[in-house]
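Peer 1: Sequence:
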Amino acid sequence: MQLRTGLAGLRAVKSVLALREATMQAFAAIGFPQAYFVTPVTSDKRFGRVHSANNMAPEWSTAYPERLRYEDPLPDLALRQAGPIRWSEARAIEPPGRGETAFYAFLADLGFEEGLALPTYGPGARTGFVGLPAGPDSQTDEETAAAAHAIAQMSFLRYCELIDTQDPLDVRLSERELDVVYWIAMGKSNSVIAEILGISAETVDSYVRRAFRKLGVSDRTSAVLHSVLAGHLYTGPFRPTPEQKPAEEGVAE
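Just so it is clear: in the sequence shown, position 190 is 190 by the UniProt record's numbering, and no numbers are missing.
Worth flagging that the hints you see were computed from the coordinates, not collected in a lab.
Zero decoy hints are in this set.
Cβ pair distances, simulated, as ranges:
| id | residue 1 | residue 2 | range |
| --- | --- | --- | --- |
| 1 | 62 | 139 | 28 to 34 angstroms |
| 2 | 205 | 54 | 20 to 26 angstroms |
| 3 | 142 | 101 | 25 to 31 angstroms |
Calculated lysine to any residue pairs in the SDA-like style (CA-CA distance at most 25 angstroms, straight line):
| id | residue 1 | residue 2 |
| --- | --- | --- |
| 4 | 214 | 194 |
| 5 | 14 | 30 |
| 6 | 188 | 17 |
Small disclaimer: the values here were computed from a predicted structure and weren't measured.
The beta-carbon is built from N, C-alpha and C at its ideal position, and this holds for glycine as well.
Please build the complete structure, drawing on both the sequences and the hints.
Peer 2: Take a look at the structure:
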């Protein structure tokens, strides 16, 4: 009954922010108060992926976007397995190399020796991933893993529904807006984007707001997913680096 109630709650939410809150409540109810999310899971870890986390350690929030995302084997492995897997199983299925070993060591330093890796699937061949660190009171048995996977999958399907209120193919972004969305997809903060592009943080904020408004979204993950689906972001290995300082354009609201 608890799982059914949690799934029903996910279906009832009306916004992405409410969905994230309901998702974390559902995970916490089965013993997982922390989570990290990756979407879309693209073939090249450098491009297109957006990462977010709830209740993870500050060290994680700093290290994952800048370094750990390149070393994290769990999103790709979970999608290949097409079902929930325990982190300990992941190490047995695919022996870690140097980078992956460093990733698992970082998790261990945070107190996470075990956890669940959950693949998610949506319409239009969309894919996502949820990582659930197991705390001292968490269970990772098959029944709990199945419940966690059901929550993750329902959340992702509802997420896709919520962001599909506007056809992204009708959206036209300016060159500068494309640059900003690209660097968002690369996991960069607005302040870092400002340094990369040689403009002020306030100007970047304006471009972000404009891009969000055009895309009909309210968060960075949705902005990147819409941009990938619309063809604004190239997720293959040969995407050229955006120009660093194209001619300025007005950013009046």
